[in-house]
Amino acid sequence: MEFSAQQIAQLIGGTVEGNPDVMLSAFDKIESAGPKALTFLSNHKYAHYLPSSNAGAILISTDFQVSEPISATLIRVNDPYGALAQLMTMVDQLTNPQPVGIEQPSFVAPGVEIPEDAYVGAFAYIGAGAKIGAGAKIYPQAYVGNGVSVGEGTIIYAGAKIYRGCVIGKNCIIHSGAVIGADGFGFAPQPDGTYAKIPQMGRVEIADNVEIGANTTIDRATMGRTIVGKGSKLDNLIQIAHNAEIGENTVMAAQGGVAGSAKIGSNCMIGGQVGIAGHIAIGNKVNIGAQSGLHTNTPDGAVLMGYPAQPARQWMRQQAQLTRIGELIAKVRELEKQIKSLEN
Amino acid sequence: MEFSAQQIAQLIGGTVEGNPDVMLSAFDKIESAGPKALTFLSNHKYAHYLPSSNAGAILISTDFQVSEPISATLIRVNDPYGALAQLMTMVDQLTNPQPVGIEQPSFVAPGVEIPEDAYVGAFAYIGAGAKIGAGAKIYPQAYVGNGVSVGEGTIIYAGAKIYRGCVIGKNCIIHSGAVIGADGFGFAPQPDGTYAKIPQMGRVEIADNVEIGANTTIDRATMGRTIVGKGSKLDNLIQIAHNAEIGENTVMAAQGGVAGSAKIGSNCMIGGQVGIAGHIAIGNKVNIGAQSGLHTNTPDGAVLMGYPAQPARQWMRQQAQLTRIGELIAKVRELEKQIKSLEN
Amino acid sequence: MEFSAQQIAQLIGGTVEGNPDVMLSAFDKIESAGPKALTFLSNHKYAHYLPSSNAGAILISTDFQVSEPISATLIRVNDPYGALAQLMTMVDQLTNPQPVGIEQPSFVAPGVEIPEDAYVGAFAYIGAGAKIGAGAKIYPQAYVGNGVSVGEGTIIYAGAKIYRGCVIGKNCIIHSGAVIGADGFGFAPQPDGTYAKIPQMGRVEIADNVEIGANTTIDRATMGRTIVGKGSKLDNLIQIAHNAEIGENTVMAAQGGVAGSAKIGSNCMIGGQVGIAGHIAIGNKVNIGAQSGLHTNTPDGAVLMGYPAQPARQWMRQQAQLTRIGELIAKVRELEKQIKSLEN
Numbered sequence: 333m334e335f336s337a338q339q340i341a342q343l344i345g346g347t348v349e350g351n352p353d354v355m356l357s358a359f360d361k362i363e364s365a366g367p368k369a370l371t372f373l374s375n376h377k378y379a380h381y382l383p384s385s386n387a388g389a390i391l392i393s394t395d396f397q398v399s400e401p402i403s404a405t406l407i408r409v410n411d412p413y414g415a416l417a418q419l420m421t422m423v424d425q426l427t428n429p430q431p432v433g434i435e436q437p438s439f440v441a442p443g444v445e446i447p448e449d450a451y452v453g454a455f456a457y458i459g460a461g462a463k464i465g466a467g468a469k470i471y472p473q474a475y476v477g478n479g480v481s482v483g484e485g486t487i488i489y490a491g492a493k494i495y496r497g498c499v500i501g502k503n504c505i506i507h508s509g510a511v512i513g514a515d516g517f518g519f520a521p522q523p524d525g526t527y528a529k530i531p532q533m534g535r536v537e538i539a540d541n542v543e544i545g546a547n548t549t550i551d552r553a554t555m556g557r558t559i560v561g562k563g564s565k566l567d568n569l570i571q572i573a574h575n576a577e578i579g580e581n582t583v584m585a586a587q588g589g590v591a592g593s594a595k596i597g598s599n600c601m602i603g604g605q606v607g608i609a610g611h612i613a614i615g616n617k618v619n620i621g622a623q624s625g626l627h628t629n630t631p632d633g634a635v636l637m638g639y640p641a642q643p644a645r646q647w648m649r650q651q652a653q654l655t656r657i658g659e660l661i662a663k664v665r666e667l668e669k670q671i672k673s674l675e676n
Numbered sequence: 333m334e335f336s337a338q339q340i341a342q343l344i345g346g347t348v349e350g351n352p353d354v355m356l357s358a359f360d361k362i363e364s365a366g367p368k369a370l371t372f373l374s375n376h377k378y379a380h381y382l383p384s385s386n387a388g389a390i391l392i393s394t395d396f397q398v399s400e401p402i403s404a405t406l407i408r409v410n411d412p413y414g415a416l417a418q419l420m421t422m423v424d425q426l427t428n429p430q431p432v433g434i435e436q437p438s439f440v441a442p443g444v445e446i447p448e449d450a451y452v453g454a455f456a457y458i459g460a461g462a463k464i465g466a467g468a469k470i471y472p473q474a475y476v477g478n479g480v481s482v483g484e485g486t487i488i489y490a491g492a493k494i495y496r497g498c499v500i501g502k503n504c505i506i507h508s509g510a511v512i513g514a515d516g517f518g519f520a521p522q523p524d525g526t527y528a529k530i531p532q533m534g535r536v537e538i539a540d541n542v543e544i545g546a547n548t549t550i551d552r553a554t555m556g557r558t559i560v561g562k563g564s565k566l567d568n569l570i571q572i573a574h575n576a577e578i579g580e581n582t583v584m585a586a587q588g589g590v591a592g593s594a595k596i597g598s599n600c601m602i603g604g605q606v607g608i609a610g611h612i613a614i615g616n617k618v619n620i621g622a623q624s625g626l627h628t629n630t631p632d633g634a635v636l637m638g639y640p641a642q643p644a645r646q647w648m649r650q651q652a653q654l655t656r657i658g659e660l661i662a663k664v665r666e667l668e669k670q671i672k673s674l675e676n
Numbered sequence: 333m334e335f336s337a338q339q340i341a342q343l344i345g346g347t348v349e350g351n352p353d354v355m356l357s358a359f360d361k362i363e364s365a366g367p368k369a370l371t372f373l374s375n376h377k378y379a380h381y382l383p384s385s386n387a388g389a390i391l392i393s394t395d396f397q398v399s400e401p402i403s404a405t406l407i408r409v410n411d412p413y414g415a416l417a418q419l420m421t422m423v424d425q426l427t428n429p430q431p432v433g434i435e436q437p438s439f440v441a442p443g444v445e446i447p448e449d450a451y452v453g454a455f456a457y458i459g460a461g462a463k464i465g466a467g468a469k470i471y472p473q474a475y476v477g478n479g480v481s482v483g484e485g486t487i488i489y490a491g492a493k494i495y496r497g498c499v500i501g502k503n504c505i506i507h508s509g510a511v512i513g514a515d516g517f518g519f520a521p522q523p524d525g526t527y528a529k530i531p532q533m534g535r536v537e538i539a540d541n542v543e544i545g546a547n548t549t550i551d552r553a554t555m556g557r558t559i560v561g562k563g564s565k566l567d568n569l570i571q572i573a574h575n576a577e578i579g580e581n582t583v584m585a586a587q588g589g590v591a592g593s594a595k596i597g598s599n600c601m602i603g604g605q606v607g608i609a610g611h612i613a614i615g616n617k618v619n620i621g622a623q624s625g626l627h628t629n630t631p632d633g634a635v636l637m638g639y640p641a642q643p644a645r646q647w648m649r650q651q652a653q654l655t656r657i658g659e660l661i662a663k664v665r666e667l668e669k670q671i672k673s674l675e676n
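So the protein sequences, as listed, match chains P, X and G. Residue 333 is where the first sequence starts when you use this note's numbering, and the numbers rise one by one after that. Residue 333 is where the second sequence starts when you use this note's numbering, and the numbers rise one by one after that. Residue 333 is where the third sequence starts when you use this note's numbering, and the numbers rise one by one after that.
Quick caveat, the hints were computed from the structure, so don't treat them as lab data.
For identical chains, the list gives no copy identity; a pair is met inside one copy or between any two copies.
Subject to a maximum C-alpha distance of 30 angstroms in a straight line, what follows is the list of computed DSSO-like cross-link-like pairs (lysine-lysine):
id, residue 1, residue 2
1, Lys463, Lys562
2, Lys562, Lys595
3, Lys529, Lys595
4, Lys529, Lys377
5, Lys502, Lys562
6, Lys502, Lys617
7, Lys617, Lys377
8, Lys368, Lys463
9, Lys463, Lys595
10, Lys368, Lys529
11, Lys377, Lys595
12, Lys529, Lys617
13, Lys529, Lys502
14, Lys595, Lys368
15, Lys502, Lys463
16, Lys502, Lys595
17, Lys617, Lys562
Model the full structure from these sequences, guided by the hints.
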C-alpha cells in the first residue's frame, strides 16, 4: 500500500508543505526513515534530526518554527503524535487483521457460547460458565477460568491467565503472561510463627478500554473487588495487590507496584518502578516520578518524586543541596577553627 | 448459605453483642458491607467506619473499646483477622471445590501415575519421571518437567512452569506464571568480552506449606539447591536467584529480589521491591521496609529501611534531618558573615 | 559417570596437586561438597572454606597461595570458574540431552517446516509463516507467532511467548514466561483525558547467543526495531521497552527496566532493579550498581551508583557524609551559640 503525502494530509486534516505527491509506504523513526517512509516530530528533543532526515514526509506541529531547510515534505497537524496514531491504526487494521474462529485443539467448557466473530486459539481454555463477548479474541494458551466474563472486542493474548470469576470489560487488551485474579497476599500470623492463609474470595474487575501489559499481575480481592477503572493503561510487570483500586485513564509505567487496598485516582501518570504503600489514597491527576516510593495520602494534582516521595521541585532542590554536603562539612570545620581563634 | 451471628460466634468461639439472629450470607469490607454481610475490624485505621457501617455483623477484638453507638452486631474474638480466615476457609471449601480427574487433551508421560483424587487440567504437561502426590491439582497449561516431584495436596495453577528435577513440597500453592527452576544467571567472562554459559545443574527445593505468587521466578542452583523453607510465602513478581536460601515462615512482598547465594533466615518480613545482594546472610526475624536495598550481613531481629539499608529509626531520623539541609546551608552562610564581621 | 582428578586436569589443561587418582562424580559448592565431588574456588570470599572442605578435588587458580594444609586434591588452572563452566557443559550435554521430534498434540501452521533435529513440545503453537532453524527446541506450551523467525540451535523453554514477526537469532535461550514482542506502551493523550492507542507496528530483534531470563518482557517497537545485541544476557523479570537498543555482550541482572528508545552500549554490567530512563544513551563498558536510577546520557566506562545515579565513588562518599548530618546540625547550633556569646 502506498499513499501520497496529499492523501495522508486529507485523511487526518493536515496541510502539506513541500511535494504533495511523494509516495509513502512505511512508518519509521525520524533518524532512520528512508524516502518512502512517513515519520513524525513530537518530542522536540529529536528536532536536530530534521535537516538531515531522509524521510519522505514528516508529521509536524502546526506551530513548529522551521529554522533550517528540510528536504522532506512536511504535513502540518495540531497533534503529530495523535495524527500518527490515527494513521497507524488504519494501516494496522488493514495489515494485521484479527483472527476469527475456533482453532483445535482448544477447551471450551460445555454450555459456553463462542460468538461467531470471536477467536479461540489452539490450547486456549475457557472454563465453565464463562461469558465471551462478541468479537473477543482469546489467543492460544490463554486461560479463562470458570465464570469469567470477557467483554465485547477484548483481546486476550497468548498465555494470559484469568482466574475464576473475574470480569474484563469491553475493548480491553490483556497481554501475554498477565495474571488476573490470583490470590491476594493475605495471611494471618499464628502464635507458633506460621501463617494461616486467608482465602481470597473477591474478584478483579477491569473496566472498558483498559490495557494490561505483559506479565503484569492483578490480585483478586480478599472480599469485594480489585478494580482497574475505564481507560487506564498498565505497562508490563506491574503488581496490583488485592483490593487496590485504580481510577479512570490512569497510566502506569512498567514494574510499578500498588500494595493492598491502596486507592489511586483518575488521570494519574505513574513512572516506572514506583512503589505505592497499602491503604493509602492518591488523588486525581497526580504525577509520580520513576522509582519513587509513596507512603502517605496524596492530594489531587501533586507532582511527586523520590524515596520517600516529596514534591518534585523540593526533591530536586534537595538533591542539589546534597551534592554540597561535603563542602558544608568542610566549612563548618573551618568555622570552628575561626571561632576558636577568635575566642583566644 | 446463610448463618446467624450466633452460629458464627459458636463456630469460632466468639461472643455476640447485639442481635444474635441477624442472618449473614457474604463477607465484605467494613466500608462497603451491606446488612447481609459479615465484616471485620483488625487494622484500627478503619475504626472510623464503625459507626456508619451497614454491615450485618462485625468481627472485632475482645478488648476493642467502642466509643460510639454501632448498629451492627459485634462478634467479639481475640483475633478478628484469624477468625475471619477460619470462617472464610470453611466457606471457600464449600463454594469453590477443587477439581478432580484428568481433562483431555493433556500430556502425561508414560509411567507417570496420577492419583485418583488429583487433577490434571487440559493442556497440562507432566514430564517423564515426575511424581504427583495424592490430591495434587495441576491446572490447565501448567508444566511439570521431567523428574519433578509435586507433594500431596499441592496446587499448581494455570500456566505455572516447573523445570526438570525440582521438588515441590506438600500443601504448597504455586500461582499462574510462576517459573521454578529456570537457569541461574551464571556466565564466565571470556577474554574476548563474550560470556560462556555456566550450566546450571542444581535444582530448586520448595518445602511444605509454601505459597509462590504469580509470575515469581525461582532459579535453579548452579550446583546444589535453591531453597524456600517450610511455610514461607512469596508474593508476585519476586526474583529468587540461584543458590539463594530462604528460611521458614518468611514472608516477602511483591517485586522483591534476592541475588545469588544470599541466605535469608526464618520468620522475616520483607517489604515490596526490596533488593538483597548476593552472598550475604540475613538473620531470623528481620524486618525490611519496602524498596530497601541490603548489601551487608544482617543480625537477627534487625529492623531496616532505606537504600542502602540502615536501622529503620536511624533512617527516619536521617530523612527528617535531610529536609533541613537547605536551612543548614543558609545558617552556615550566615555564620560565615558573622565571623567575618567579628574578625574585622 | 566418574572421572579421576588426573583425567579432569587433562580435559581442561590443569595440573594436579595431591592425589591424582581421587574419583569424582558430582559438582558441588565448596562448603557442602563431599569426597566424590569436584568444587572450585573463584571468589576469594570463600577461601576460608578451603582447609575444612571435604571435597574430593578443588579447581583453583594457578597463582592462589595456599597458607594452610588442604586435604582435597587441587587442580590448578588459570581460570577456575571458566574451567568449571567447560566441565559442566560437557557433563550437562551428556546427562541432559535436548529432546528431538514433534510431540502431540501441538499446533504447527500449514507450510511451516520443522527441521528433523528440532523439537516441538506438546501444546506448543507455531504460527503461519514462522521459520524454525535446525536444531531449535520449542518446549511445550511455547508460542511462536505468525512470521516469527527462530535461529538454529535456539531453545525456547516452556510457555515463552513470541509475538508475530519477531526475530530470534541463533543459539539463543529464551526462558519460560518471557514475552517478546508485546505492544510497546504508547498512547496519545486526547483532549477528553482518555488515551488513544498507538499501534505498535515494529518488531523485536534478538541477535545470536542471547539469553533471556524467565518472565522478562521485551516490547516490540512502535516502528522499526527493539534490539538486543549479540551475546547479551538478560536475567529474569526485566522490562525492555519499545525501541530500546541494547548492545553486544551486555549483562543485566534481574528486575531492571529500560524505558522506551533508550540505547545501552556493549559490554555493560547492569545490576538488579536498575531503572534506565527513556531516550537516553548509555556508553560501552558502563557499570551500574543495583537499584540505581539513570536519567542522563552516560559516557563509556562510567561506574555509577545511586538514585539519581552518580559516579560510584562520589555516591559512596556522599552516603558516608550523610550519616554525619545529625552531627552537623548539632555543630552549627553550637557555633551559633558561641558566636552569640562572642558578639555580646
